[in-house]
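**Q** Let chain H serve as the given structure and place chain B on it in line with the hints.
Number of protein chains: 2
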Amino acid sequence: MKSLLIKEMYRNTEKFINQSVTISGWIRTLRNSKAFGFIEVNDGSFFKNIQVVFDDTLQNFNEISKLPISSSIIVEGKLEATPNAKQPFEIKATKIEVEGLSSTEYPLQKKRHSFEYLRTIAHLRPRSNAFSAVFRVRSLAAYAIHKFFQDRGFVYVHTPIITGSDAEGAGDMFRVTTLDLLNTPKTDDGEIDFSKDFFGKETNLTVSGQLEGEAYALAFRNIYTFGPTFRAENSNTTRHAAEFWMIEPEIAFADLKDDMELAEDMLKYIIRYVMENAPEEMEFFNSFVDKGLIERLENIVNSDFETITYTEAVDILEKVNDKFDYPVEWGLDLQTEHERYLTEEVFKKPVFVTDYPKDIKAFYMRINDDNKTVAAMDLLVPGIGEIIGGSQREERLDVLEARIKEMGMNLEDYWWYLDLRKYGGTKHAGFGLGFERAIMYMTGMSNIRDVIPFPRTVKSAEF
Amino acid sequence: MKSLLIKEMYRNTEKFINQSVTISGWIRTLRNSKAFGFIEVNDGSFFKNIQVVFDDTLQNFNEISKLPISSSIIVEGKLEATPNAKQPFEIKATKIEVEGLSSTEYPLQKKRHSFEYLRTIAHLRPRSNAFSAVFRVRSLAAYAIHKFFQDRGFVYVHTPIITGSDAEGAGDMFRVTTLDLLNTPKTDDGEIDFSKDFFGKETNLTVSGQLEGEAYALAFRNIYTFGPTFRAENSNTTRHAAEFWMIEPEIAFADLKDDMELAEDMLKYIIRYVMENAPEEMEFFNSFVDKGLIERLENIVNSDFETITYTEAVDILEKVNDKFDYPVEWGLDLQTEHERYLTEEVFKKPVFVTDYPKDIKAFYMRINDDNKTVAAMDLLVPGIGEIIGGSQREERLDVLEARIKEMGMNLEDYWWYLDLRKYGGTKHAGFGLGFERAIMYMTGMSNIRDVIPFPRTVKSAEF
Numbered sequence: 008m009k010s011l012l013i014k015e016m017y018r019n020t021e022k023f024i025n026q027s028v029t030i031s032g033w034i035r036t037l038r039n040s041k042a043f044g045f046i047e048v049n050d051g052s053f054f055k056n057i058q059v060v061f062d063d064t065l066q067n068f069n070e071i072s073k074l075p076i077s078s079s080i081i082v083e084g085k086l087e088a089t090p091n092a093k094q095p096f097e098i099k100a101t102k103i104e105v106e107g108l109s110s111t112e113y114p115l116q117k118k119r120h121s122f123e124y125l126r127t128i129a130h131l132r133p134r135s136n137a138f139s140a141v142f143r144v145r146s147l148a149a150y151a152i153h154k155f156f157q158d159r160g161f162v163y164v165h166t167p168i169i170t171g172s173d174a175e176g177a178g179d180m181f182r183v184t185t186l187d188l189l190n191t192p193k194t195d196d197g198e199i200d201f202s203k204d205f206f207g208k209e210t211n212l213t214v215s216g217q218l219e220g221e222a223y224a225l226a227f228r229n230i231y232t233f234g235p236t237f238r239a240e241n242s243n244t245t246r247h248a249a250e251f252w253m254i255e256p257e258i259a260f261a262d263l264k265d266d267m268e269l270a271e272d273m274l275k276y277i278i279r280y281v282m283e284n285a286p287e288e289m290e291f292f293n294s295f296v297d298k299g300l301i302e303r304l305e306n307i308v309n310s311d312f313e314t315i316t317y318t319e320a321v322d323i324l325e326k327v328n329d330k331f332d333y334p335v336e337w338g339l340d341l342q343t344e345h346e347r348y349l350t351e352e353v354f355k356k357p358v359f360v361t362d363y364p365k366d367i368k369a370f371y372m373r374i375n376d377d378n379k380t381v382a383a384m385d386l387l388v389p390g391i392g393e394i395i396g397g398s399q400r401e402e403r404l405d406v407l408e409a410r411i412k413e414m415g416m417n418l419e420d421y422w423w424y425l426d427l428r429k430y431g432g433t434k435h436a437g438f439g440l441g442f443e444r445a446i447m448y449m450t451g452m453s454n455i456r457d458v459i460p461f462p463r464t465v466k467s468a469e470f
Numbered sequence: 008m009k010s011l012l013i014k015e016m017y018r019n020t021e022k023f024i025n026q027s028v029t030i031s032g033w034i035r036t037l038r039n040s041k042a043f044g045f046i047e048v049n050d051g052s053f054f055k056n057i058q059v060v061f062d063d064t065l066q067n068f069n070e071i072s073k074l075p076i077s078s079s080i081i082v083e084g085k086l087e088a089t090p091n092a093k094q095p096f097e098i099k100a101t102k103i104e105v106e107g108l109s110s111t112e113y114p115l116q117k118k119r120h121s122f123e124y125l126r127t128i129a130h131l132r133p134r135s136n137a138f139s140a141v142f143r144v145r146s147l148a149a150y151a152i153h154k155f156f157q158d159r160g161f162v163y164v165h166t167p168i169i170t171g172s173d174a175e176g177a178g179d180m181f182r183v184t185t186l187d188l189l190n191t192p193k194t195d196d197g198e199i200d201f202s203k204d205f206f207g208k209e210t211n212l213t214v215s216g217q218l219e220g221e222a223y224a225l226a227f228r229n230i231y232t233f234g235p236t237f238r239a240e241n242s243n244t245t246r247h248a249a250e251f252w253m254i255e256p257e258i259a260f261a262d263l264k265d266d267m268e269l270a271e272d273m274l275k276y277i278i279r280y281v282m283e284n285a286p287e288e289m290e291f292f293n294s295f296v297d298k299g300l301i302e303r304l305e306n307i308v309n310s311d312f313e314t315i316t317y318t319e320a321v322d323i324l325e326k327v328n329d330k331f332d333y334p335v336e337w338g339l340d341l342q343t344e345h346e347r348y349l350t351e352e353v354f355k356k357p358v359f360v361t362d363y364p365k366d367i368k369a370f371y372m373r374i375n376d377d378n379k380t381v382a383a384m385d386l387l388v389p390g391i392g393e394i395i396g397g398s399q400r401e402e403r404l405d406v407l408e409a410r411i412k413e414m415g416m417n418l419e420d421y422w423w424y425l426d427l428r429k430y431g432g433t434k435h436a437g438f439g440l441g442f443e444r445a446i447m448y449m450t451g452m453s454n455i456r457d458v459i460p461f462p463r464t465v466k467s468a469e470f
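Going down the list, the sequences are from chains H and B.
Following the working numbering from start to finish, the first sequence increments by one per residue and tops out at 470.
Following the working numbering from start to finish, the second sequence increments by one per residue and tops out at 470.
Hints were generated in silico from the structure; no laboratory data involved.
Misleading hints may appear alongside valid ones.
Since the list gives no way to pick one copy over another, a pair counts as held whenever it fits inside one copy or between any two copies.
Derived SDA-like pairs: lysine to any residue, alpha-carbon spacing no greater than 20 angstroms straight-line [as the list claims (entries may be wrong)]:
| id | residue 1 | residue 2 |
| --- | --- | --- |
| 1 | K154 | S310 |
| 2 | K208 | D187 |
| 3 | K434 | L108 |
| 4 | K118 | E319 |
| 5 | K55 | S294 |
| 6 | K41 | K73 |
| 7 | K203 | D179 |
| 8 | K208 | D179 |
| 9 | K14 | E305 |
| 10 | K203 | T191 |
| 11 | K203 | L188 |
| 12 | K85 | S10 |
| 13 | K208 | L65 |
| 14 | K14 | K154 |
| 15 | K22 | R159 |
| 16 | K14 | G160 |
Excised from the complex, chain H in its bound form:
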C-alpha cells in the first residue's frame, strides 16, 4: 500500500479520519512502557510529526520498543481523532515494519543542539525542527520568486556562472582554471599563459548576471535571473558567504519608479506566499527564533513603502549624528546603523532611499540631471537594513562611454554592453535581491551559514 503523506492528513483530516492508513517516516521520539508505546514520526512531507500508538499485540513489540531515534519505519494502522489531546489525531498501529535501523550513536538526539554544532553535521541538520523549517521556507520562497515573475510574463534567464569578462568589476573573484598549478604555462614575458587554459583566457566565477540580464531585457522586455553568484571576500561574518544566490530582474521601457514598484510588489508577494504556505514553520520561527517576526512581516506586507532621497536621508541623519559610530556626511555611503535608524526609528516601515552620489555607485547607473547623483535605489527594511539595491541604467551611449573612461576602465571590455545602447536602447532598470538575506529576514535566522544547505565561507567548504 502506498504511503499517505503526513501533510495530507493534516490538510485533509476529514478524509482520512477513522480510515486505515499506511505511513512511512523517521522516528523523532519514542516512549514506551511495558505493554504499549508512543512514537513521534516525521515523514519529511510536513513540519509536524504524527503520533503512532503501539502495544504488545504487535508481534514485534519488543523490537519496536527499542528502536533508536531516526530509525525509519513503515506503519499501518487506523487514524483516530484525539479531541482531548495536544495533537489532533494519532495512528493506532496494527503493523510496524523497520525499514532502516539507526545507530544509537545518532548525533541528533532530542536535546537541543547549538546551531554551531549542527553546522558540523550539515547532512543531518535538515532533520531537526529548526532546519526543516528553514529549508522548506527557502524552497517555498524560491518558488514564490519564480511564480511572481512568470505570472507577469518575465523571462527567466540563466546568465553565465563562469565569466571571461572583467566587466562586472564588483570585488574579489574566484579563478576558474584547469591549468596544472605545479607547472603553469608562461608567456615570453613571464606571465601566466591563459591561452593554454580551458577557455583560452582568464576566467572567474560571476559576481552578478546583471550585464547579461540587460542584453536579454532589451530583447524580452522583462526578464529575471536567479542563480548562484560568488565573492572571494575574506569576510568571516554572519552575513557573508562565498557562494550565494541572487535574483536580478531587469525591465525595459522602465524607469526608477517602475523599478521600485516592482521591488515592493515582489517582496510583499514572497512574504505573503511563505506565510500562507508555511504557517507551521513561521509559527515556529516566531516562537523559538525571533519573537515578533510575524508581526514585523505583516507590517511589511500591509504598509506602503516610503521613498526619500539620499540627500533627505542625510539631512535627517546628520541631526542625530551623535547616535552613530560613523557620523553621516553627504558623499559617504550609508552604514547599516544609519539604514536601520531610518527604517526602524524614523519611518517604522520599509524605505527606499534614492539618488545616491554617483561617486559611491557603479558605472552603469543613470546620471541624474544634477550630474552629482545617480538614479539608484536601496530598499531598507526594519531589522536588517538594505535588502535590495537597484538602479535605472545609463541608456545614453555618450554618457556611458564618458563614465567608463572617467572611471579608468576599458571601453573595449564593454563592447557588447555598449552595443545595447547603440542598437535601439531604451530606458531600463533593475535590481538585485540577495536570496539568503531575504531568507534570513523571513525566518529570523541570524547567521547566513544557517540558511544555506552546505555553506561555503572563508576556510570552509565541507560536504
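**A** Chain B in isolation, oriented as in the chain H frame:
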C-alpha cells in the same frame, strides 16, 4: 500612459479592439512610401509582432520613415481589426515617439543569418525569431519543472556549486582558487599548499548535486535540485558544454519503479506545459527548425513509456549488430546509435532501459540480487537517445562500503554519505535530467550552444 503588452492584445483581443492603446517596442521591419508606412514592432512580451500603420498626418512622418531597424519607439494609436489581412489587427498610429535610435549598422538585419554567426552576437540574438523562441521556451520549461515538483510537495534544494569533496568522481573538474598562479605556495614536499587557498583545501566546481540531494531526501523525503553543473571535458561537439543546468530529484521510501514513474510524469508535464504556453514558438520550430517536432512530442505525451532490461535490450540489438558502427555485447555500455535504434525503430516511443551491468555504472547504484547488475535506468527518447539517467541508490551500509573499497575509493571521503545509511536509511532513488538536452529535444535545435544564453565551451567563454 502605460504601455499595453502585445501579448495582451493577442490573448485578449476583444478587450482592446477599437480602443486607443499605447505600445512600446523595437522595430523589426519598416516599409514606407511617400505618404504612409508600415512598421512591424516587437515589444519582447510575445513571439509575434504587431503591425503599426502610420501616415503623413504624423508631424514627424519623415523622421519615422527613415528609422533604422531595431530602433525603439513608443506608439499611440487605435487598435483596428483587419479581417482581410494576414495579421488579425493593426495599430493606426496617431503618435510615434523615438525612444532609442538604432545605428544603421545593426547586425541583425532582416535577412536570415546562420546560427554560427548569431553565436558571435549572443547579446543580440535573442532579438531574432529563432532565439526569442528558444529562450522563451527555456524559461517556460524551467518554470514547468519547478511547478511540477512544488505542486507535489518536493523541496527545492540548492546544493553547493563549489565543492571541496572528491566524492562525486564524475569526470574532469574545474579548479576554483584564489591562489596567485605566478607564486603558488608549496608544502615541504613540493606540492601545492592548498591550506593557503581561500577554502583551506582543494576546491572544484560541482559535477552533480546528487550526493547532497540524498542527504536532503532523507530529511524531506522528496526533493529536487535545479542548478548549474560543470564538466572540464575537452569535447568540442554539438552536445557538450562546460557549463550546463541539471535537475536532480531524489525520493525516499521509493524504488526504481517509483523513480521511473516520476521521470515519465515529469517529462510529459514539461512538454505539455511548453506546448500549452508557447504555441506560437512551437509552431515556429515545427515549421522552420524541425519538421515533425510537434507530432513527435505529442506522441511522447500520449504514449505509455516502455520498460525493458539492459539484458533484453542487448538480446534485441545483438540480432542486428551489422547495423551498428559499434557492435553490441553484454557488459558494454550502449551507444547513442543503439539507444536510438531501440526507441525509434523497435518501440517507436520512449523506453526505459533498466538493470545495467554494475561495472559500467556508478558506485552508489543499488546492486541487484544477481550481483551483476544494478537498479539503474536510462530513459531513451526518439530523435536523441538517452535524456534521463537514474537509479535506486544503495541503501545497505555494508554493501555500499564494500563497493566503495572495491572501486579503490576512500571510505573517509564518504563519511557523511555513509552516515545517511547509518542513521535510518531508507530505500531511495533519483535521476538526473540535463536541462539543455531537454530544451534541444523540445525545440529541435541541434547545437547545445544555441539553447544556452551565453554558452561556455572549450576555448570559448565570451560575454
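**Q** It remains to establish, for every hint, whether it holds in the given structure.
**A** Outcome of the hint check:
no.	hint	verdict
1	K154 <-> S310	neither (22 angstroms within a copy, 30 angstroms between copies)
2	K208 <-> D187	both (15 angstroms within a copy, 16 angstroms between copies)
3	K434 <-> L108	between (62 angstroms within a copy, 12 angstroms between copies)
4	K118 <-> E319	neither (51 angstroms within a copy, 53 angstroms between copies)
5	K55 <-> S294	within (15 angstroms within a copy, 52 angstroms between copies)
6	K41 <-> K73	within (12 angstroms within a copy, 93 angstroms between copies)
7	K203 <-> D179	between (23 angstroms within a copy, 16 angstroms between copies)
8	K208 <-> D179	both (18 angstroms within a copy, 18 angstroms between copies)
9	K14 <-> E305	neither (25 angstroms within a copy, 34 angstroms between copies)
10	K203 <-> T191	both (9 angstroms within a copy, 18 angstroms between copies)
11	K203 <-> L188	both (12 angstroms within a copy, 13 angstroms between copies)
12	K85 <-> S10	within (13 angstroms within a copy, 59 angstroms between copies)
13	K208 <-> L65	neither (68 angstroms within a copy, 52 angstroms between copies)
14	K14 <-> K154	between (22 angstroms within a copy, 18 angstroms between copies)
15	K22 <-> R159	between (36 angstroms within a copy, 19 angstroms between copies)
16	K14 <-> G160	between (31 angstroms within a copy, 9 angstroms between copies)
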